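K.L.:
Keeping the supplied structure of chain X fixed, place chain L upon it in accordance with the hints.
Protein sequence lines correspond, in order, to chains X and L.
First residue of the first sequence: 1, per my numbering; consecutive thereafter.
First residue of the second sequence: 1001, per my numbering; consecutive thereafter.
Since the hints were made in silico from the structure, they are not lab data.
Predicted model only: the values in this text are computed from it and were never measured.
Accuracy of the hints is not assured; some may be wrong.
Covered, in the sense of this in silico footprint (three residues per stretch, anywhere, with C-beta under 8 angstroms from a C-beta of chain L), are these stretches of chain X [to be verified]:
#1 29–41
#2 98–108
#3 225–239
#4 270–283
#5 336–348
Taking CB as the label site, the calculated pair distances span [to be verified]:
#6 A1318/L - A306/X: 47 to 57 angstroms
#7 A275/X - R1043/L: 38 to 48 angstroms
#8 T1154/L - G197/X: 44 to 54 angstroms
#9 A230/X - A1329/L: 28 to 38 angstroms
Note that CB positions come from ideal geometry on N, CA and C, so glycine has one too.
Number of protein chains: 2
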Amino acid sequence: MTFDGLWDELAPVGRDAGSGGYRRFAWTRTDGELREWFTGEARRRSLDVMSDRGGNLWAWLGDPDADGPGLVVGSHLDSVPDGGAFDGPLGVVSAFAALDALRESGWRPSRPLAIAAFSDEEGARFGVACAGSRIITGALDADRARSLADVDGTTMAEAMAAAGHDPARVGRDDEALRRVGTFVELHIEQGKGLVDGDAAVGVASAIWPHGRWRLDLRGRADHAGTTRLADRSDPMLDLAAAIAKARAAAAEHDALATIGKLAVHPNGVNAIPSAVTAWLDARGPVEADVRKVVAAVGAAAGVTPAEESWTSATAFDAELRDRLARVLAGADGKPAPVLPTGAGHDAGILSAAGIPTAMLFVRNPTGVSHAPDEHAEPADCHHGVRALAQVLENLA
Amino acid sequence: MTFDGLWDELAPVGRDAGSGGYRRFAWTRTDGELREWFTGEARRRSLDVMSDRGGNLWAWLGDPDADGPGLVVGSHLDSVPDGGAFDGPLGVVSAFAALDALRESGWRPSRPLAIAAFSDEEGARFGVACAGSRIITGALDADRARSLADVDGTTMAEAMAAAGHDPARVGRDDEALRRVGTFVELHIEQGKGLVDGDAAVGVASAIWPHGRWRLDLRGRADHAGTTRLADRSDPMLDLAAAIAKARAAAAEHDALATIGKLAVHPNGVNAIPSAVTAWLDARGPVEADVRKVVAAVGAAAGVTPAEESWTSATAFDAELRDRLARVLAGADGKPAPVLPTGAGHDAGILSAAGIPTAMLFVRNPTGVSHAPDEHAEPADCHHGVRALAQVLENLA
Chain X
1 MTFDGLWDEL APVGRDAGSG GYRRFAWTRT DGELREWFTG EARRRSLDVM SDRGGNLWAW
61 LGDPDADGPG LVVGSHLDSV PDGGAFDGPL GVVSAFAALD ALRESGWRPS RPLAIAAFSD
121 EEGARFGVAC AGSRIITGAL DADRARSLAD VDGTTMAEAM AAAGHDPARV GRDDEALRRV
181 GTFVELHIEQ GKGLVDGDAA VGVASAIWPH GRWRLDLRGR ADHAGTTRLA DRSDPMLDLA
241 AAIAKARAAA AEHDALATIG KLAVHPNGVN AIPSAVTAWL DARGPVEADV RKVVAAVGAA
301 AGVTPAEESW TSATAFDAEL RDRLARVLAG ADGKPAPVLP TGAGHDAGIL SAAGIPTAML
361 FVRNPTGVSH APDEHAEPAD CHHGVRALAQ VLENLA
Chain L
1001 MTFDGLWDEL APVGRDAGSG GYRRFAWTRT DGELREWFTG EARRRSLDVM SDRGGNLWAW
1061 LGDPDADGPG LVVGSHLDSV PDGGAFDGPL GVVSAFAALD ALRESGWRPS RPLAIAAFSD
1121 EEGARFGVAC AGSRIITGAL DADRARSLAD VDGTTMAEAM AAAGHDPARV GRDDEALRRV
1181 GTFVELHIEQ GKGLVDGDAA VGVASAIWPH GRWRLDLRGR ADHAGTTRLA DRSDPMLDLA
1241 AAIAKARAAA AEHDALATIG KLAVHPNGVN AIPSAVTAWL DARGPVEADV RKVVAAVGAA
1301 AGVTPAEESW TSATAFDAEL RDRLARVLAG ADGKPAPVLP TGAGHDAGIL SAAGIPTAML
1361 FVRNPTGVSH APDEHAEPAD CHHGVRALAQ VLENLA
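The shape of chain X in the complex, shown without the other chains (with noise of 0.2 angstroms):
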């Protein structure tokens, strides 16, 4: 099938009808409808799918156990809450169209290939991005990610068991992961990094360094019409503070520091919170910088924050790196511009893990992603889909 075939399959599954964003959470009903849909085009082009311990999903074209480690391509279908289309599916979607063309041209690989979904990879629902590939390198612990609960504090194992996923066998898989020979993801960039060259696809050099932290800002509830100020335990008056560092700490150390997500108890018009929880995000290029952005954001708030997740700056393979950007060279024989990016990606836990990976950008207009106007063009996803087509061939 076509890339815009497979393209318009996919677009109304978890769409919302008043944002028009997505909102595509790990182990709920629409994600069962994405892995459904995984799972059938899979099927169809005659795929063995597996699923692993952290219930990512490989759509495998011959036997890596039996002929040794393969070329993995691939992303992941899961969306932050009103994200956009592109974010994930695009890798997916343009590994399926890339097999596709080059089946169709009569190529057959020399090599185990596969086509992978990641499992959550946003962690919009559970606070832990890339929860999938961090279970399976034993990156992110067995009985932490059990334990994980959502905002209504159903636990990620009961989510699990819910849709079907046993609980009880996640944790790190060495057996999935030795089948992993190289892993390329196909993503689009969310940046303008490409928008100036004349290269609708791009090769990433790095992942800044990234991580994610709990404020828990306490007070005491009371009325807001009748307790003084002088006898008030506010918590919105640290949230006020460690927003407004957060941006200026940002800025003092050359990084990126948001708070995107709070929670309000028992938010109430007429009620002091009792407790506000702020998440912070954090990045940037220096992670020694990154991190104290942290620890200001903490002390203006009065608290010491908790680190939900935390990712070490992660250089590409740059061997494969290379080869790549050579194997994209324009007409005029330039190599593919090479890029770093301040998002977090499956493929660097893999490249964490010691799996040599590398990614491709597609070019992104306006820069915006995690939002409903997310959007690449269509001849640049189809660049995107002959990129990945020419990188199969290259390696596999």
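P.N.:
For chain L alone, coordinates are given in the frame of chain X:
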């Protein structure tokens, strides 16, 4: 039945096992249980239960349509999120207990008498406090009331219909108001005005002017990990400015201002929000000062606050206030203490509509209200019942 017996009956309804506080929101299943309890207690005492066009409940002894306007005592049964047991129910339970005590002594009222339970006093679900009394006095427009929506998007009209109250009936209800000759609301004090004296019960002088405003802070959804600080439009920064200014302006103008409720969209850890909605509660002894605080908060956040409700200063009926203070005089002949409050009440709405109205406050040892540990000593509650019985005897 005794006060304690009635109190124990009501205690489990809508109690949250986690916080120990109450979640009794208008037109929910829990609200239905409270209404059933009220109706059952009224029928057991051979009172005629009527529901008015705002969904408020009235249990009449005698016929106010035939025998002229009556004396009404009561309060409300709903709560803020994780509210205390006393705010509201104390006035309703005390009314039943006071009537029982008087009837046991052989007393019969000389005029019609009712116990009232007002709908949706806290406005916890739909954002407008005293919604039931505002609807019947016309202070809240019927169409606006019907279209108010809760956080899930359910409108008040839909919620009423689901609870069996025809939303087409909603509106000003002169017939219901004509029956009310005098209204007396007993309520737990929400402050510490009675703590230092030797009286368990006081009489209200006035309610501060108070209101609620909505701040709609807009930004642009973007990826937290890839969008440069300079390219961001992040409404969280406006929220931080609003919170800080609310406290500073309240201190400057001798008023109270609180931001206790927020809605963040999309509320994802790694998404710069596209919108933050914050609700501002502001009150104080002087209306002009309250208005200055609201304007200052709006200016700090770069928006014009949308007024969701406003209640001017309410001075209760002076003659009734002084009469009750004398009726409740201590053994030494000293009148009961008279004190103002920053909290709004249905009594204030009825008073503003021209009905002679008074309030009694029962001592609150910590001043805490709108929180699970809101408390009044049993002896003070019993004192409140006796005070209400004295008022009934004196006025009916």
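K.L.:
All hints are to be evaluated individually against the structure, with a verdict given for each.
P.N.:
Taking the hints in turn, this is what the structure says about them:
no.	hint	result
1	29–41	violated (count 0)
2	98–108	violated (count 0)
3	225–239	holds (count 10)
4	270–283	holds (count 8)
5	336–348	holds (count 4)
6	A1318/L - A306/X: 47 to 57 angstroms	holds, 56 angstroms
7	A275/X - R1043/L: 38 to 48 angstroms	holds, 42 angstroms
8	T1154/L - G197/X: 44 to 54 angstroms	holds, 50 angstroms
9	A230/X - A1329/L: 28 to 38 angstroms	holds, 33 angstroms
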